[in-house]
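Novice: Turn these sequences into a full structure, and let the hints guide you.
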Amino acid sequence: MSDLTLNRSRIFQGFKYAIYALLTLNIYWFFHKEFAAAELQFAGGVALARIVEAYAATIDTLAWVVLLLLFELETYVLHDHHFTKPVVWTLETVRVISYTFIVYAFYGYIINLTVFNDVVPLAGVSDLCTLVDHWSYSIALDEYVAITSANCKSFSSATVFFQLPGMLAVIDAQGLANSKALAWVDVINAAAWLLVVLVLEIDVRLQKRNRFAGAALKTSNAM
Numbered sequence: 001m002s003d004l005t006l007n008r009s010r011i012f013q014g015f016k017y018a019i020y021a022l023l024t025l026n027i028y029w030f031f032h033k034e035f036a037a038a039e040l041q042f043a044g045g046v047a048l049a050r051i052v053e054a055y056a057a058t059i060d061t062l063a064w065v066v067l068l069l070l071f072e073l074e075t076y077v078l079h080d081h082h083f084t085k086p087v088v089w090t091l092e093t094v095r096v097i098s099y100t101f102i103v104y105a106f107y108g109y110i111i112n113l114t115v116f117n118d119v120v121p122l123a124g125v126s127d128l129c130t131l132v133d134h135w136s137y138s139i140a141l142d143e144y145v146a147i148t149s150a151n152c153k154s155f156s157s158a159t160v161f162f163q164l165p166g167m168l169a170v171i172d173a174q175g176l177a178n179s180k181a182l183a184w185v186d187v188i189n190a191a192a193w194l195l196v197v198l199v200l201e202i203d204v205r206l207q208k209r210n211r212f213a214g215a216a217l218k219t220s221n222a223m
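Numbers 1 to 223, taken from the numbering used here, label the letters of the sequence shown in order.
Read the hints as simulated data drawn from the structure, not as lab findings. Think of the CB as a built atom: it goes at the ideal place given N, C-alpha and C, for glycine as much as any other residue. All the given hints hold, so there is nothing to weed out.
With beta-carbon atoms standing in for the labels, derived distance ranges:
no., residue 1, residue 2, range
1, Leu198, Phe83, 23 to 33 Å
2, Thr93, Gln174, 44 to 54 Å
3, Leu168, Glu74, 41 to 51 Å
4, Phe71, Gly124, 49 to 59 Å
5, Thr93, Phe35, 27 to 37 Å
6, Asp133, Ser220, 54 to 64 Å
7, Leu168, Val197, 32 to 42 Å
8, Thr84, Trp184, 43 to 53 Å
9, Arg8, Val88, 30 to 40 Å
10, Leu206, Glu72, 18 to 28 Å
11, Ser220, Asn117, 32 to 42 Å
No farther apart than 30 Å at their CA atoms in a straight line, the calculated lysine-lysine pairs in the DSS-like style are these:
no., residue 1, residue 2
12, Lys33, Lys153
13, Lys153, Lys180
14, Lys16, Lys33
15, Lys180, Lys33
16, Lys16, Lys85
Specialist: Here's what the structure looks like:
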């Protein structure tokens with residue numbers, strides 16, 4: 001192998017592992033954001049049954065990073081002689097668990113979307129400054145800022161506000177539309193990746209049976 005080829009290989013590996021590191025850091029940022037939001041959304045603490053509502057993005061991202069690292073192990077780190085039965089069993093178990101959490105997170109995105117269908121107009125409030133010190137304003141999806149006398153004029157000039165269910169948090173009509181649109185993006189994005197995984201799993205199984213040709217190949221490419 002020439003020095004140029006070796007250097008390119010090292011650069012590629014360094015770039016690849018830098019991406020892995022950034023994706024891992026992304027898990028932390030999602031958790032940091034969702035943890036802050038959960039303190040308001042679940043004032044009494046997050047029950048185990050509702051943890052996916054609070055941490056859907058964190059769970060989703062963590063599971064995908066684990067799958068990506070599994071792919072790295074199987075295609076680059078591990079060699080044929082490493083694939084003993086215990087190793088294969090372990091890899092498959094981790095893969096199934098990861099897929100389970102990805103589907104679980106998808107359910108969480110759907111639950112988070114339905115929250116916006118349960119908002120109610122906040123009667124008798126036409127000025128956010130009447131809500132200082134006790135309420136928060138939703139500045140974006142899963143992002144809340146406490147309303148104070150110093151910032152209450154800066155959030156919105158609307159005169160009609162909506163209360164998010166179960167929270168001392170309000171949002172105006174435009175913010176509600178924006179947050180609902182972003183919640184839809186989460187659902188559609190998660191569904192698209194689930195479809196990608198499903199197609200790839202079908203492709204792999206068809207290839208193993210030497211049936212990945214003709215109509216099956218055309219259908220896969222179209223999807």
